Every structure is written in C-alpha cells, then in structure tokens.
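Peer 1: So the chains spell out like this:
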Amino acid sequence: MSVAPTNADYAVAETPAAPAGPTGDSPRRYNLNLRQSGIYIAFALIVVLFTVLTGGDLLAPQNISNIIVQNSYILILAIGMILIIIAGHIDLSAGSVVAVCGAVAAVLMVNYDLPWPLALLITLVVGGLIGAWQGYWIAYFGIPAFIVTLAGMLLFRALTLTILGNRGIGPFPDEVRTLSNGFTEGYLGNVGLGALGGADLFSLLIGVIAVAGIVYTQWRTRTARQQYGQVVDPLPLFIGRIAIASLLVIAVIVQLARFKNLPWVLVLLAFLVLAYSLVTNRAVFGRQIYAVGGNLQAATLSGVKVKSVIFWIFVNMGVLAALAGVIFAGRLNQANPTAGASFELDAIAAAFIGGAAVQGGVGKVVGAITGGLIMGVINNGMSLIGAQSETVMLVKGAVLLAAVAFDVWSKRRAGASR
Amino acid sequence: MSDTILRMQDITKTFPGVKALQDVNLTVRRGEIHAICGENGAGKSTLMKVLSGVYPHGSYEGEITFEGEECRFSGIRDSEHRGIVIIHQELALAPQLSIAENIFLGNEQATRGLIDWNRTNHAAGQLLQRVGLRESPVTPILELGVGKQQLVEIAKALSKEVRLLILDEPTAALNDEDSAHLLGLLRGLRDEGITCVIISHKLNEVMAIADRVTILRDGRTISTLDLATDEVTEDKIISGMVGRDLDHRYPPHESHVGEEVLRIEDWTVHSPTQHGRVVVSKANLTLRRGEIVGLAGLMGAGRTELAMSVFGRSYGTGISGRIIKDGKEIHLRSVRDAINHGIAYATEDRKRYGLNLIEDIKRNISAAALGKLAKRGWVDENEEFKTAGGFRKSMNIKAPSVLSITGKLSGGNQQKVVLSKWIFTNPDVLILDEPTRGIDVGAKYEIYTIINRLADEGKAVLVISSELPELLGICDRIYTLSAGRITGEVPRAEATQENLMTLMTKGTE
Chain U
1 MSVAPTNADY AVAETPAAPA GPTGDSPRRY NLNLRQSGIY IAFALIVVLF TVLTGGDLLA
61 PQNISNIIVQ NSYILILAIG MILIIIAGHI DLSAGSVVAV CGAVAAVLMV NYDLPWPLAL
121 LITLVVGGLI GAWQGYWIAY FGIPAFIVTL AGMLLFRALT LTILGNRGIG PFPDEVRTLS
181 NGFTEGYLGN VGLGALGGAD LFSLLIGVIA VAGIVYTQWR TRTARQQYGQ VVDPLPLFIG
241 RIAIASLLVI AVIVQLARFK NLPWVLVLLA FLVLAYSLVT NRAVFGRQIY AVGGNLQAAT
301 LSGVKVKSVI FWIFVNMGVL AALAGVIFAG RLNQANPTAG ASFELDAIAA AFIGGAAVQG
361 GVGKVVGAIT GGLIMGVINN GMSLIGAQSE TVMLVKGAVL LAAVAFDVWS KRRAGASR
Chain D
419 MSDTILRMQD ITKTFPGVKA LQDVNLTVRR GEIHAICGEN GAGKSTLMKV LSGVYPHGSY
479 EGEITFEGEE CRFSGIRDSE HRGIVIIHQE LALAPQLSIA ENIFLGNEQA TRGLIDWNRT
539 NHAAGQLLQR VGLRESPVTP ILELGVGKQQ LVEIAKALSK EVRLLILDEP TAALNDEDSA
599 HLLGLLRGLR DEGITCVIIS HKLNEVMAIA DRVTILRDGR TISTLDLATD EVTEDKIISG
659 MVGRDLDHRY PPHESHVGEE VLRIEDWTVH SPTQHGRVVV SKANLTLRRG EIVGLAGLMG
719 AGRTELAMSV FGRSYGTGIS GRIIKDGKEI HLRSVRDAIN HGIAYATEDR KRYGLNLIED
779 IKRNISAAAL GKLAKRGWVD ENEEFKTAGG FRKSMNIKAP SVLSITGKLS GGNQQKVVLS
839 KWIFTNPDVL ILDEPTRGID VGAKYEIYTI INRLADEGKA VLVISSELPE LLGICDRIYT
899 LSAGRITGEV PRAEATQENL MTLMTKGTE
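So the sequences go chain by chain: U and D. Heads up: the first sequence runs through residues 1 to 418, numbered per my numbering. Heads up: the second sequence runs through residues 419 to 927, numbered per my numbering.
Heads up, a few of these hints could be off.
Just so you have them, the derived chain D footprint on chain U, three or more residues with Cβ under 8 angstroms [said to hold, decoys possible]:
1) 218 to 228
2) 253 to 267
In silico lysine-lysine, DSSO-like type, Cα no more than 30 angstroms apart, as pairs [claimed, not checked]:
3) Lys-811/D to Lys-769/D
4) Lys-307/U to Lys-743/D
5) Lys-411/U to Lys-437/D
6) Lys-654/D to Lys-437/D
7) Lys-826/D to Lys-307/U
8) Lys-793/D to Lys-804/D
9) Lys-467/D to Lys-305/U
10) Lys-411/U to Lys-804/D
11) Lys-467/D to Lys-826/D
12) Lys-793/D to Lys-305/U
13) Lys-769/D to Lys-307/U
14) Lys-305/U to Lys-804/D
15) Lys-769/D to Lys-411/U
16) Lys-411/U to Lys-467/D
17) Lys-620/D to Lys-578/D
18) Lys-746/D to Lys-411/U
19) Lys-437/D to Lys-307/U
20) Lys-790/D to Lys-305/U
21) Lys-411/U to Lys-816/D
22) Lys-790/D to Lys-746/D
23) Lys-305/U to Lys-620/D
24) Lys-305/U to Lys-578/D
25) Lys-307/U to Lys-790/D
26) Lys-305/U to Lys-437/D
Only part of the chain U face toward chain D is listed, based on derived beta-carbon distances under 7 angstroms [what the hints assert, rightly or not]:
27) Arg-167
28) Val-284
29) Gly-361
These are computed hints drawn from the structure, not numbers from a lab. It should be emphasised that the depicted structure is a prediction, and the values quoted were computed from it without experimental measurement. Virtual Cβ for every residue (Gly too), placed ideally from N, Cα, C.
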C-alpha cells in the first residue's frame, strides 16, 4: 500500500527528538514510537518472510494485483471499523450489512434494470439508513454497540434471505464488475522497461504523480512546522523516509503496470485512505471521535456533541459497508445470501492488529489498512505455499493475539515508568 | 522506650531515565502515627509501593527491615502476609458487592470450600463496629459515600490482622466531618497498637494526628520531625517540602469588582437517579466581573450539582429557574450552549471528567474550543501547537513539550492544562470545582495566582472548595450551601471558618 510508509513517517514526525525533560520522558517516547511504527516493521517482515517462502511469487505482478483486489472489501470495512473502535464501540453487523446491500444493489440493477450509478447511490443511502438505525439505538437510546450490532448481524442476514430467497441474483452490469475486478485502460500505450519488459505508461505516470504528491505535502508540512518552531526530524532521516516511501510506491506501481494496469479498487481505496486519514487527523469531527473514545465524560463536558458523533460514525460505517457489499457482489458477479459472513471479524482484527486500543481513543486509518494487508498477505502467502486452511486460521489468530499483547505490554511498560 | 517496627534504609528506585527515590531513609516506631509529606512527584507513593511489594525485591536498591527481619517482598500478598496493608487513594472496592463480601474478598470465610455467610456477615459486623460504621454488612458498596467506603477499606485491613497500616491521602475526597471521624479512628487504632503511616497533603491534619513527620523532596529524605519534641509548625513542614519559605500561602490580591455578569434565580434541580429528590432548592446566586466568589458546603450539599446543572444541564432533571447573563435571560440546553455563552466549568475530578489522559497537552487544551483553531471544519495543527505552547509558558505547565501525554503529568500540571482549556474558550464566568484538590502546596500557590489573574482580566470566578481556609484566602465573597439551599452570603471581611461552618450545617431540618 503506497500510503502506509508515508503516514508512518507522519506518526514519527509528531514525536520530536526532544531532550530528556525533567520528568524523564525520553524512554517513554521511544516506546510510543515503537508502538506506532511496530506495525509497519511487522508488515515489512511478513512480506519479506513470504517472499522468501514463496520464492518471490508473492511479489509477482499478478499476485500483488490479486492481494489488493481480494482484500479490497475488508479494507473498506476496516476504515469504517477503525473509526468505531477509536470511539470505543464495535460493529458486529458489518458482514450482514455487506450482504443485504449487495442484495439491494442486485435487485435494483438486475431485477429493476436501474442505471448502475443510480442503483449504487440508492444502495449507499440504504447502507446509511441501516447505520442510522443502529446509531440511533447506540447513541440516543444507550444500548451497548455490542448488543445492537449483534442483533443487527441477525436482522440484516434475515433481511438478505428475505430479499434473495435461497438463490443468488446476477449478473451485474459490466461497469460494476470493472469497479470490483477491472483495471484502468492503457490510455497512453506501453513503454519498455528493459529487462522488466513492457509496462503501462498511464499507470507509471500515476505513480510518479503520487510520489510527487507525497514529497510535496511532506515537505510543505515540514516547513510549516519549522516556521512554528516545532521540532522536526533531521533532514537525512526525513529524506531517507520519503525515499523509502517513494521507492515502495514506484515498486508496487511498476509491478502492477507490468501486469494489467491499476485495479480500479486500488484507485478507490487510495482515495478513501487519503480522505479518511485527513478527516481523522485534521478535521474537527475526526478529533471529536478521538475525544469521545479517550474520555467520554471529558468530551461531554468540553461541549462535544457526543451522541451525534457516535450516531454519524455508525452511519458512515453503514455507507462503507454498502460500498463493500457492491464491490464484493460485483466481484462474484452475483449477490449471494451468505455473502460477507465473518467479514466484520476480519475488519475488527485488521483494526486491532493495526494498533487500535481495546479501550478506545487510539488508532489510525493507515494502521487499520496495514493490519488488513498483514492478514491479506498471510492468507495469500500461505495459500501460495499450499498451507491448509486450518493452518491459515491458526496463524491469523496467533498474529491477532500477538499484536494486541504487544500493545498491552508496551502500554504497561510505558505506564510503569511513573 | 519506643522500638522500631519498620526501617527502610538507603532505598533507591530508578525508572528508565528517572531517579524516583535516592537513598531514602524511613524509620517508623511501633504504635505511632507517622506522616509522610512531600509535593506530588516527591516519591511518597513510590516509597510506599516499594514497601508493599508492588515493586518487588530486586527492582530497587536498599534494605527493608520489618519487626527486626529483613524483608524481600515479591508482591503485595507477601507484604500483606506480614501485616503491612496499604489503602490507596483510589479505593479498590467492588461496587456491586456487599460490605461483608468486600471485606473478605480474597480472604473468604469458608468451611470446606464453601463460603460460610453467617460467619462472614457476623465477622464483618464486628469489624464495622470497630471502625464505627453503622451499616448492615449486606449493604452494597455503591450505596455508600466515599467516607464510608474508606471505613470499609480500613475494616478490610483490620480483617487481615494489620500491624502496619498505610493510608495514601485518606481524606482527600472526604468532607470535614468524615475526615474528623477517620482521624479519630486512626487515633483509636494507634491506642490498640496498630502503627499507621499516613500520606497527606492536608498539613492541619498532619499536625493534629501525627506523632512524627518525614518530609520527602525530589526523591530524597529531607528530615524527620518529632511533633512532641521539635518545634514543628505547618510553615516549617511546607518549607521542607518546597525547599523554600512560603511567607504567604495565598498570593495577595486586590479585587476590582465590576457590574453583574451572571445571576441565577430560584434554581431548583432534581436528582436524575432518585426520583423526586430535590438536590438544589431555589438557589439564588450573583457573580460580578473581576470578583472571586466562593461556594462552601459539606459533601452532599449540592455544590457540584448546582454548578453542573447551570453548565448546560450536564447534571440533573426537572431543572427550573432562571439564568441571567449580562442582564438578559439565557437558556442553556447543552454544554455547547454554555460555552458559547461564555461559561466554563472545570470539574472537581480532572482525571475522570476533565482530561483525555491518553492524549497530549495540546489536544486537551484545544478540546473545548477546537472551532477557534479550525477553518471550515479543518483544524490548523500549527496554530494549535502555537496556542498550546503559549499556555504552557503563561500557565507554567511543567512538561518537556506540549506533545507530552497529560496522563503522565503531576496533578498540579494536569490542573493547569484543564484551566488552560477553559481559558482558551475565553469565558466571562469560570466555575472552578475544587481547583486545588490533590495538588501540592507549590502548585496551589500558582493556581491561586492564575485565579487572581483571571479576576483582574474582568472575569467572574466561582470557586467551589471543601477547604475553608482556601476560600477565606482567595475569595471576595462566600456563599454557603447546605442540603441544596443557599444558607448564607458572607463578605470576606466578615467570614471566619466558624461562622461559615455554622451556615454550612444550618437548616437541615
């Protein structure tokens, strides 16, 4: 994922290399740092491990594309889920909402023959309404999210079965399938990359633009901070990190360009990750989510409209689940009554592997995406080496437990220093 | 001759990067009440954690001798086994369980693996009698106030055949009446031969109850004073704690009182949990610009409830009455409304209600007025940094940077963050609920200075406090509240602790 290292570096930049203060803060800072960047290091190690185990197949052009396409809907759910978990709640209904929204989209597009953009829009609104239903009970009626969404898991699965009966509905219009499964066209033709063979020029251009964007925004953030007298990283470190990020983006894009150009879901995901990272980092609304999760009472007494914040993150989750539902149905080319089963658990696992705290108040969108990719790479890599499905489950369970254990451990160590 | 029950010798405890304790010596005599005084961060709690085995043997240097034997505790169970029991500031009782169940938690009165409830409740009843708590042993903890819970903790300690009882700030959350009862109880226990170590910020209590005082500063022992032989005064203890002489505990201040800014009329509030119970009854209150007004009342009188119900109805149901701001009636339906109308309320419990402890200083300071730092919903983080940096300087928040996590700060510095947050909302009226609770003497002085500065800027400040000397020291005018009614309004010149106390206990018919 191109954005991951960029944001890791953002996290580190927030932690100045301040001289050890009178309260002896420096060792804690180091821990905090490790807590925030540990996930990216773990991701890198897992990628290296499976690259070695699969003899390089993991990073083959087609496989990278597969990993992105196969995990796109989980990653979309993980974005919604991380917001909910930061606020100190949980959503167990996401998989069922994926199913019901896929079914709604299928009925609208296939049975009623509505134009696909309109049908997509209506489906997203339906997802939002489902989120509003759950958000109402949680925020305004005061029932724990665990219960409301557990009920929702059953309710919306029942609704799916009511809509679909016992069969699937399909096939979907070509445009929807392209969004789920397809690639950008070779608008500008191919170029030769020497030993690597031909690659799509358009995809490469997008990569270059992305790198330029990363360099520009990072540089601007850095200079703005310097103007305000904030401590920033030393220049060599800054350049080094940007260089690594840029190299990664270019490497992924080159591989994709050699295969079939860019998957549309990657474009969509990149947009969502950027937008939601911005919202959580910089928007007043995003700040309020952290405030609610960090200390509900303090947020209330600081004038944060706590109920409305909780309500809207569930509406948001509903919309994202609807989007994931359409993409998943489009990928299978039919809406299926059993679609999305246990997706919510994957999304929750992604969020926690990605550094969210069980108590709320902590977490990053990019962390959740990385968490989701870690699971995706494990899934993919293990199936490439022909592992049994029980082994895959075992490893995923162990990774989840280890990630949260590491989080708890590092927190305890930080806490013990006073 | 008094013999020594506990000797801690040359205790040094190091955390990564910090020396929390350095060569600390503490000698406690059998059957005495020994007070430990020191500013926050002086190392009192760390020392007690070393003693009780929270920090196990090997994680510190030095030697502990208890009743003549060297101790190497590997955990709390070890130290409790030897009769050393610590009662923490934050009480550790299970609210849903009964008094008796709590007393014998982890020490169940069982025969052949089954709990003998008759024996449990009977034994609990006897312990309750010993600590002077007239409650049935089967009463759930959540029905008790803090003062009574404290007594349950002591009963629990007694059930373990305690020989050395350590109390960390036992009266911090208690009103004067409960404090007096607790101190009396400690004297009784001393007469029974139980040795007590008490950590306290309240020097008048230390003077009243302790036999000897050990003063810590910056992780070192400064001195141990004997109240019977040495000439000990509060000022002497304070100067030992802060390392300098405090001529005045309250900064001198001349108020320039302006026109009325807030008036509360016939304010009545009902309890949200107990149906029909009136918590505040027909209260009338006036605040003027540049004035510091006190609100005195015993615990349960409705001080916090009054303040919070005014602050955007954040407490209570069935609220009636009028709020007049700058001559116009206003209706505050939410906290946001209150903030927008220039009212700020800094809570009495900054950890639970005031701060997001896992966030940094700057995000806490901006929390109540994020809109001022945002354009079209997007926060300008550089402006936020600059604003917070300004407060760090002007409020003297002691932290390496505004990116420090608030949970790691001392109580005084946390309180300065809370005050910064509210000052940043630019209020006309600040309600400060127990602004100096759990804060050391030096930081208190700073908080008083800040309050004076706010008044000088033309803001009206309402200070709620359990400590009458504090109200007498800083307020221009003091209201007294008793059982939800305003029972008096006394100008500073006429106020004494005695007449305030009379008003605070009046009219509870």
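Peer 1: Could you run down the list of hints and mark each one as holding or not?
Peer 2: A quick look at each hint next to the structure:
no.: 1; hint: 218 to 228; verdict: holds (count 4)
no.: 2; hint: 253 to 267; verdict: violated (count 0)
no.: 3; hint: Lys-811/D to Lys-769/D; verdict: holds (22 angstroms)
no.: 4; hint: Lys-307/U to Lys-743/D; verdict: holds (28 angstroms)
no.: 5; hint: Lys-411/U to Lys-437/D; verdict: holds (21 angstroms)
no.: 6; hint: Lys-654/D to Lys-437/D; verdict: holds (26 angstroms)
no.: 7; hint: Lys-826/D to Lys-307/U; verdict: holds (29 angstroms)
no.: 8; hint: Lys-793/D to Lys-804/D; verdict: holds (16 angstroms)
no.: 9; hint: Lys-467/D to Lys-305/U; verdict: violated (40 angstroms)
no.: 10; hint: Lys-411/U to Lys-804/D; verdict: holds (29 angstroms)
no.: 11; hint: Lys-467/D to Lys-826/D; verdict: holds (18 angstroms)
no.: 12; hint: Lys-793/D to Lys-305/U; verdict: holds (19 angstroms)
no.: 13; hint: Lys-769/D to Lys-307/U; verdict: holds (21 angstroms)
no.: 14; hint: Lys-305/U to Lys-804/D; verdict: holds (26 angstroms)
no.: 15; hint: Lys-769/D to Lys-411/U; verdict: holds (18 angstroms)
no.: 16; hint: Lys-411/U to Lys-467/D; verdict: holds (20 angstroms)
no.: 17; hint: Lys-620/D to Lys-578/D; verdict: holds (28 angstroms)
no.: 18; hint: Lys-746/D to Lys-411/U; verdict: violated (50 angstroms)
no.: 19; hint: Lys-437/D to Lys-307/U; verdict: violated (44 angstroms)
no.: 20; hint: Lys-790/D to Lys-305/U; verdict: holds (17 angstroms)
no.: 21; hint: Lys-411/U to Lys-816/D; verdict: holds (23 angstroms)
no.: 22; hint: Lys-790/D to Lys-746/D; verdict: holds (25 angstroms)
no.: 23; hint: Lys-305/U to Lys-620/D; verdict: violated (38 angstroms)
no.: 24; hint: Lys-305/U to Lys-578/D; verdict: violated (48 angstroms)
no.: 25; hint: Lys-307/U to Lys-790/D; verdict: holds (22 angstroms)
no.: 26; hint: Lys-305/U to Lys-437/D; verdict: violated (43 angstroms)
no.: 27; hint: Arg-167; verdict: violated (45 angstroms)
no.: 28; hint: Val-284; verdict: holds (5 angstroms)
no.: 29; hint: Gly-361; verdict: holds (5 angstroms)
Hint compliance for this structure: hints 2, 9, 18, 19, 23, 24, 26, 27 are not met, and every other hint is.
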